[in-house]
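Q: Position chain B against the provided structure of chain A, taking the given hints into account.
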Amino acid sequence: MPKFKKNSNTSEDIPTAALPDIIFMLLFFFMVTTVMRETDIMVKQKIPRATQLTKIERKSLVSYIYVGEPKNVSLYGSEPKIQINDVFITEEDIIGFVNTEKDKLDEVERDQITMSMKVDVDVKMGIISDVQQELRKANALKILYSTIKRVTEK
Amino acid sequence: MPRGKKKLPEVSSGSMADIAFLLLIFFLVTTTIANDKGILLRLPPPPDPLQEQLDIKIPDRNIFTILANSKDQLLVEGEPFEGSMDDLKNDVKKFILNFGKPTPDGIEIYNSLPPQMKAFVNANGRNPESSDDPTSLKSIVSFKSARGTSYDLYVGILDAMNAAYNEVYASRVGITAEEWLSLDRSNSMQKEMYSRGRSGIPRAISIAEPD
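The listed protein sequences correspond, in order, to chains A and B.
Under my numbering, think of the first position of the first sequence as 2, with each following residue one higher.
Under my numbering, think of the first position of the second sequence as 72, with each following residue one higher.
No lab work stands behind these hints: they were computed from the structure.
Treat the hints with care, since some could be wrong.
[As the list claims (entries may be wrong)] Far from chain B, some chain A residues (derived; all Cβ distances over 10 Å): (1) Ser-12; (2) Gly-78; (3) Thr-91; (4) Glu-102; (5) Asp-104.
[To be verified] Quick list of in silico lysine-lysine cross-link-like pairs, BS3-like style, CA-CA up to 25 Å: (6) B/Lys-215 to B/Lys-108; (7) A/Lys-72 to B/Lys-108; (8) B/Lys-172 to B/Lys-128; (9) A/Lys-143 to B/Lys-108; (10) B/Lys-142 to A/Lys-125; (11) A/Lys-143 to B/Lys-262; (12) A/Lys-45 to B/Lys-108; (13) B/Lys-142 to A/Lys-45; (14) B/Lys-108 to A/Lys-47; (15) B/Lys-108 to A/Lys-119; (16) A/Lys-56 to B/Lys-262; (17) B/Lys-215 to A/Lys-82; (18) B/Lys-215 to A/Lys-138; (19) A/Lys-60 to B/Lys-108; (20) A/Lys-125 to B/Lys-215; (21) A/Lys-143 to B/Lys-215; (22) B/Lys-262 to A/Lys-150; (23) B/Lys-108 to A/Lys-82; (24) A/Lys-119 to B/Lys-142; (25) A/Lys-60 to B/Lys-262; (26) A/Lys-103 to B/Lys-108; (27) B/Lys-108 to A/Lys-150; (28) B/Lys-215 to A/Lys-119.
Beta carbons are placed, not taken as given, at the ideal position from N, Cα and C, and that holds for glycine.
Here chain A stands alone, though its shape is the one from the complex:
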């Protein structure tokens, strides 16, 4: 039986000189796409799924309202709460919040303000409709119910 001669002339190590470049490329990608989260969300956020999604065209016009059961139940109770920026608010404070958000925008764009509602799936409609009534009073009429794309199985 012939023995296979091991060819030991070729070098076996993979050149790793380009490794830092590859890693840097990935690094830059993530650095560019990263958005640092400004607010610490204190409510549960299991976003519902839907199929008919619209994308927001102008991000500067969007303000966020978070609704859900507080994560820290022992401190805030288990009833759903409304959170904006970093604090819990009640329904009455929404008009004030909308007005401060509108003040940040140009005068011509104020009617275009979009309120993005990030609501947990376990919330009941009562609190949502209260929020909506306040938004109507505050004249912020564009609402976006934040949802995730549902993948339809067929």
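A: Chain B only, in chain A's frame:
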């Protein structure tokens, strides 16, 4: 003072990859891909106390009512509804494209429809008990939830109603509903397609306040 041949000092770059890795992992962990997508809804303006409320009578046949109670049970057009959201979407679509008693504007819209939609209307629609035509105030999809209805169901129904309209719009311009949703309105050709699909058929979705 020129010196003789001297070896250039070299910074070892062996750990460069490790440093980059460290940074990479940091950004990987902190990244949240922002999802700014959702279902858009326009609320009606607040009631004006100075203005007298106009009472417009809309016949029942022109309103498609969906009611949801606190137990997440549905009542669609007066009858309990057990089907899926897909069935609901098809019902809404049939309602919009009923053309029971079209006005001159409605007839114009009907004539502008592509042949397969005309066939759809003639097969499923033409019911005198359902909407007159898809023009303004002649077909309204109304949804009323209770305070105890779950948000999940609310979004689901909103989604089904929007899906019905989007499918109508999309098939008017001969594309699929998915292509319709991804139309880019900053592109003039796609914008033209968008306004062509929507012209004459307003998205008449009415969300009633829960009691």
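Q: For every hint, state whether the structure bears it out.
A: So, going through the hints one by one against the coordinates:
{"no.": "1", "hint": "Ser-12", "verdict": "holds, 18 Å"}
{"no.": "2", "hint": "Gly-78", "verdict": "holds, 19 Å"}
{"no.": "3", "hint": "Thr-91", "verdict": "holds, 17 Å"}
{"no.": "4", "hint": "Glu-102", "verdict": "holds, 16 Å"}
{"no.": "5", "hint": "Asp-104", "verdict": "holds, 20 Å"}
{"no.": "6", "hint": "B/Lys-215 to B/Lys-108", "verdict": "holds, 24 Å"}
{"no.": "7", "hint": "A/Lys-72 to B/Lys-108", "verdict": "holds, 24 Å"}
{"no.": "8", "hint": "B/Lys-172 to B/Lys-128", "verdict": "holds, 17 Å"}
{"no.": "9", "hint": "A/Lys-143 to B/Lys-108", "verdict": "holds, 14 Å"}
{"no.": "10", "hint": "B/Lys-142 to A/Lys-125", "verdict": "holds, 11 Å"}
{"no.": "11", "hint": "A/Lys-143 to B/Lys-262", "verdict": "holds, 21 Å"}
{"no.": "12", "hint": "A/Lys-45 to B/Lys-108", "verdict": "holds, 19 Å"}
{"no.": "13", "hint": "B/Lys-142 to A/Lys-45", "verdict": "holds, 22 Å"}
{"no.": "14", "hint": "B/Lys-108 to A/Lys-47", "verdict": "holds, 15 Å"}
{"no.": "15", "hint": "B/Lys-108 to A/Lys-119", "verdict": "holds, 11 Å"}
{"no.": "16", "hint": "A/Lys-56 to B/Lys-262", "verdict": "holds, 15 Å"}
{"no.": "17", "hint": "B/Lys-215 to A/Lys-82", "verdict": "holds, 23 Å"}
{"no.": "18", "hint": "B/Lys-215 to A/Lys-138", "verdict": "holds, 20 Å"}
{"no.": "19", "hint": "A/Lys-60 to B/Lys-108", "verdict": "holds, 11 Å"}
{"no.": "20", "hint": "A/Lys-125 to B/Lys-215", "verdict": "holds, 14 Å"}
{"no.": "21", "hint": "A/Lys-143 to B/Lys-215", "verdict": "holds, 19 Å"}
{"no.": "22", "hint": "B/Lys-262 to A/Lys-150", "verdict": "holds, 23 Å"}
{"no.": "23", "hint": "B/Lys-108 to A/Lys-82", "verdict": "holds, 22 Å"}
{"no.": "24", "hint": "A/Lys-119 to B/Lys-142", "verdict": "holds, 23 Å"}
{"no.": "25", "hint": "A/Lys-60 to B/Lys-262", "verdict": "holds, 20 Å"}
{"no.": "26", "hint": "A/Lys-103 to B/Lys-108", "verdict": "holds, 21 Å"}
{"no.": "27", "hint": "B/Lys-108 to A/Lys-150", "verdict": "holds, 8 Å"}
{"no.": "28", "hint": "B/Lys-215 to A/Lys-119", "verdict": "holds, 21 Å"}
Consistency with the previously given hints is maintained throughout, with no hint failing.
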